[in-house]
Amino acid sequence: MSTAIGRNDPRYATLRRSRNLRWPASDAEAAAFIQICEDSKALAAALQQTVNQGRRPTIRSGGHCYEDFVVNNPGGTILDLSLLSDANAVAREERYRISPGKQLGDVYLDLYKRYGVTIPAGSCYSVGAGGHISGGGYGVLSRLYGLTVDWLSAVEILTVNTQGKVVPLRVDKTQHPDLFRASRGAGGGNFGVITSFLFDQLPPAPQEVVAGGLSFEWNGMTEDRFVDIVQTYGHYFETRGKDRDTWGLFSILNLSHASGRGFGIGLQFCNPDGTCSDLTPLHEFLALFDSFKPSRRPPVRRFWLDATVGDHSGSGGMRAKYKSAYMKRNFTKDEAHCIYKHLRRTPDKADLRGGVLAVDSYGGAVNRASLVNETSIAQRASTLKLQFMSFWSRPEDDAARLGWLRDFYSDLYTNANVDSRFSGTPYPGDFYEGCYINYPDADMLSHSFWPQLYYGIGELYPFLQGVKRRYDPNNVFHHAMSIRP
Amino acid sequence: MLIANCKRRTFLQSLSAFAALRLSASSCSRYVLSAESIDVVAIQGGQRFRLQRIASRGPSALAFHPSGRFLYVTNDVAEHENLPRGTLEAYAIDGYDGRLKFLARQPLSLSATNPRAIAIAPSGSHLVVAAYSGGIYNLLPIGPDGVPRSVTGIFKELGRGPCSEQLSAHPHSLAFDSSGRYLISTDFGCDRISVFTFHGGALERTSHIVAPPGSGPGRFTFDAAAARLSVVHELTGRVSQYRMKAGILTGV
Numbered sequence: 001m002s003t004a005i006g007r008n009d010p011r012y013a014t015l016r017r018s019r020n021l022r023w024p025a026s027d028a029e030a031a032a033f034i035q036i037c038e039d040s041k042a043l044a045a046a047l048q049q050t051v052n053q054g055r056r057p058t059i060r061s062g063g064h065c066y067e068d069f070v071v072n073n074p075g076g077t078i079l080d081l082s083l084l085s086d087a088n089a090v091a092r093e094e095r096y097r098i099s100p101g102k103q104l105g106d107v108y109l110d111l112y113k114r115y116g117v118t119i120p121a122g123s124c125y126s127v128g129a130g131g132h133i134s135g136g137g138y139g140v141l142s143r144l145y146g147l148t149v150d151w152l153s154a155v156e157i158l159t160v161n162t163q164g165k166v167v168p169l170r171v172d173k174t175q176h177p178d179l180f181r182a183s184r185g186a187g188g189g190n191f192g193v194i195t196s197f198l199f200d201q202l203p204p205a206p207q208e209v210v211a212g213g214l215s216f217e218w219n220g221m222t223e224d225r226f227v228d229i230v231q232t233y234g235h236y237f238e239t240r241g242k243d244r245d246t247w248g249l250f251s252i253l254n255l256s257h258a259s260g261r262g263f264g265i266g267l268q269f270c271n272p273d274g275t276c277s278d279l280t281p282l283h284e285f286l287a288l289f290d291s292f293k294p295s296r297r298p299p300v301r302r303f304w305l306d307a308t309v310g311d312h313s314g315s316g317g318m319r320a321k322y323k324s325a326y327m328k329r330n331f332t333k334d335e336a337h338c339i340y341k342h343l344r345r346t347p348d349k350a351d352l353r354g355g356v357l358a359v360d361s362y363g364g365a366v367n368r369a370s371l372v373n374e375t376s377i378a379q380r381a382s383t384l385k386l387q388f389m390s391f392w393s394r395p396e397d398d399a400a401r402l403g404w405l406r407d408f409y410s411d412l413y414t415n416a417n418v419d420s421r422f423s424g425t426p427y428p429g430d431f432y433e434g435c436y437i438n439y440p441d442a443d444m445l446s447h448s449f450w451p452q453l454y455y456g457i458g459e460l461y462p463f464l465q466g467v468k469r470r471y472d473p474n475n476v477f478h479h480a481m482s483i484r485p
Numbered sequence: 001m002l003i004a005n006c007k008r009r010t011f012l013q014s015l016s017a018f019a020a021l022r023l024s025a026s027s028c029s030r031y032v033l034s035a036e037s038i039d040v041v042a043i044q045g046g047q048r049f050r051l052q053r054i055a056s057r058g059p060s061a062l063a064f065h066p067s068g069r070f071l072y073v074t075n076d077v078a079e080h081e082n083l084p085r086g087t088l089e090a091y092a093i094d095g096y097d098g099r100l101k102f103l104a105r106q107p108l109s110l111s112a113t114n115p116r117a118i119a120i121a122p123s124g125s126h127l128v129v130a131a132y133s134g135g136i137y138n139l140l141p142i143g144p145d146g147v148p149r150s151v152t153g154i155f156k157e158l159g160r161g162p163c164s165e166q167l168s169a170h171p172h173s174l175a176f177d178s179s180g181r182y183l184i185s186t187d188f189g190c191d192r193i194s195v196f197t198f199h200g201g202a203l204e205r206t207s208h209i210v211a212p213p214g215s216g217p218g219r220f221t222f223d224a225a226a227a228r229l230s231v232v233h234e235l236t237g238r239v240s241q242y243r244m245k246a247g248i249l250t251g252v
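Just so you know, the sequences run in chain order A and B. This note's numbering puts the first residue of the first sequence at 1, with every later residue one more than the last. This note's numbering puts the first residue of the second sequence at 1, with every later residue one more than the last.
Bear in mind the hints are in silico, worked out from the structure with no lab data behind them.
On the chain B side, residues computed to face chain A include the following (Cβ under 8 Å):
no. : residue
1   : 83
2   : 135
3   : 151
4   : 157
5   : 159
6   : 203
Covered stretches of chain B (chain A as the covering partner; in silico rule of three or more C-beta atoms under 8 Å from a C-beta of chain A):
no. : segment
7   : 103-111
8   : 166-172
Only a predicted model underlies this, so the values are computations on that prediction, with no experimental measurement involved. Quick reminder that beta carbons are idealized off the backbone N, C-alpha and C, glycines included.
Model the full assembly from the supplied sequences, consistent with the hints where possible.
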């Protein structure tokens with residue numbers, strides 16, 4: 001069954017939006033229809049009808065795309081998968097099956113309650129599985145278990161062949177292996193509509209975790225102390241953080257703009273066996289920051305499920321902008337100074353509350369080098385993953401908000417460690433490893449080398465272009481940052 | 001692809017690389033497209049001389065507004081402002097000597113790459129551009145000032161033919177019928193000839209006819225009085241005739 005919602009439907013104004021309220025940027029860019037498809041048969045029929053009418057299909061699971069890749073679709077149809085229900089997290093044929101329209105929080109609940117397993121995916125409950133897993137699927141358990149696509153065994157996908165006919169395919173390591181690999185990290189809006197993710201095995205969900213945090217006040221913070229804190233954090237993950245007994249430690253250093261009260265570290269920890277029997281690595285990590293005299297949020301022992309689905313609603317219903325970078329090494333002093341400068345800067349007295357650089361711990365199980373060639377995630381040597389974010393409400397603040405983040409990013413990556421040809425970007429090299437496709441940043445399109453930022457400088461992007469030409473020869477599935485044929 | 005490019009170059013040189021506008025009984029201006037410019041050439045008493053050269057990115061097809069006051073040129077590019085799309089340029093024509101004044105550059109829709117054909121409705125109220133590489137038609141309204149507004153209608157063609165130049169749809173040539181109700185198009189990539197109509201700023205296909213596989217339908221003429229379409233098949237060199245009645249194509 002499926003429901004078509006057009007401009008005259010009272011639901012249209014609500015459902016045409018992205019979660020990022022900047023999109024669609026104008027009425028003219030909004031999709032003509034939102035087609036809510038409840039089973040894969042109805043979805044295939046809706047896709048066929050869309051292409052027969054010469055319309056462009058875009059695909060929505062949770063509606064969290066940072067850029068306008070889905071909802072900017074003039075005259076076209078958004079295929080909404082949020083009610084797609086013939087593929088719940090049910091083990092059939094001895095496999096786990098996840099529907100792309102499911103919210104991650106519901107996936108965790110289903111997998112945990114039925115089987116006691118999980119996927120190492122994102123922390124935001126309402127993110128849809130479809131877009132998230134297609135682009136890699138990284139989250140709190142990734143240091144322990146790798147990326148979600150590292151576990152993926154097969155995908156069911158609707159493609160559109162050269163003659164415009166919808167063709168359902170099941171792809172895995174032996175059938176259509178190229179399309180399977182492409183779907184493991186580069187599947188977002190590039191090749192077709194994924195209707196199921198299948199996993200032969202999944203890791204056990206941890207039994208319990210310890211959650212805690214540290215915070216530092218901007219009031220009284222000196223630049224030197226700030227630099228020390230940032231480097232202490234980064235140093236840990238390029239050294240001790242590589243040891244297996246620490247892989248259950250996930251942390252975010254939230255470097256918030258100085259218009260707020262302070263900044264801090266949030267963390268979760270468990271031992272590799274999913275218990276909290278030995279907290280030595282956690283205490284060792286926390287002790288690194290003792291000399292900076294942070295306020296401590298006392299570590300609290302919680303059931304993993306509660307910690308995972310209980311309190312991560314995710315930000316939404318605001319205007320937002322994001323950028324990303326992978327780092328293979330600790331911050332240099334210059335970088336830390338540069339970050340400090342931008343967090344303290346308030347150009348034209350703009351309101352920059354809600355501006356933050358989140359420095360996530362990375363590495364661990366993600367960094368198994370063999371996965372480079374099996375998946376479409378090229379970044380397998382980083383120990384930090386950065387997300388630059390800004391959240392605000394009023395459209396009239398767009399320019400100041402976007403400008404601050406753009407200048408911050410561009411300035412940070414104009415340094416001696418970046419070849420001048422790639423200045424202003426974390427181009428893959430000795431220090432950086434580019435950007436994360438699930439944190440897409442349309443500003444990067446101004447660089448001719450943007451595909452290398454997201455897909456690396458090796459054979460991956462040309463490979464993906466080959467898959468694109470083969471499986472979507474008419475470029476039916478396209479957006480501003482899709483694989484260019 | 002190289003062959004297709006060569007063919008296209010020949011095609012541009014032979015047919016579409018210039019268009020002439022008669023300004024008075026004794027003089028006319030000719031608009032000549034080259035790789036990176038548009039030349040305005042005056043022809044007077046058998047003499048020709050260049051009046052103006054305007055830089056333009058890959059000008060590929062041109063069309064006059066029915067009022068004779070505006071000229072539209074497609075830019076055969078695959079990227080504009082970092083997005084995969086072509087563009088359309090609009091110029092005002094000086095009524096005295098035919099010189100051009102730049103009015104506007106309008107981006108086409110996402111994936112409307114390498115536009116190489118343009119047709120303007122007889123009423124002058126809208127135009128359609130065909131993007132060769134992207135396989136997409138765009139409909140744009142034209143304001144009273146001659147400036148094309150944002151794209152309101154997008155139609156994506158799908159298909160391929162048996163030849164190596166036909167790996168995906170490649171809309172080739174376009175023309176309105178004299179009523180302006182129908183738009184006829186040929187698709188070189190998928191051996192198809194289509195008729196479109198317009199509803200609320202959108203393009204809808206009313207009918208299409210399948211040309212011989214591998215024939216590559218391209219240039220065509222439409223004889224409105226006889227409702228007869230003569231299509232050149234670029235890959236075979238043959239010409240086929242079709243009839244159009246009430247938006248429906250049939251073979252002759």
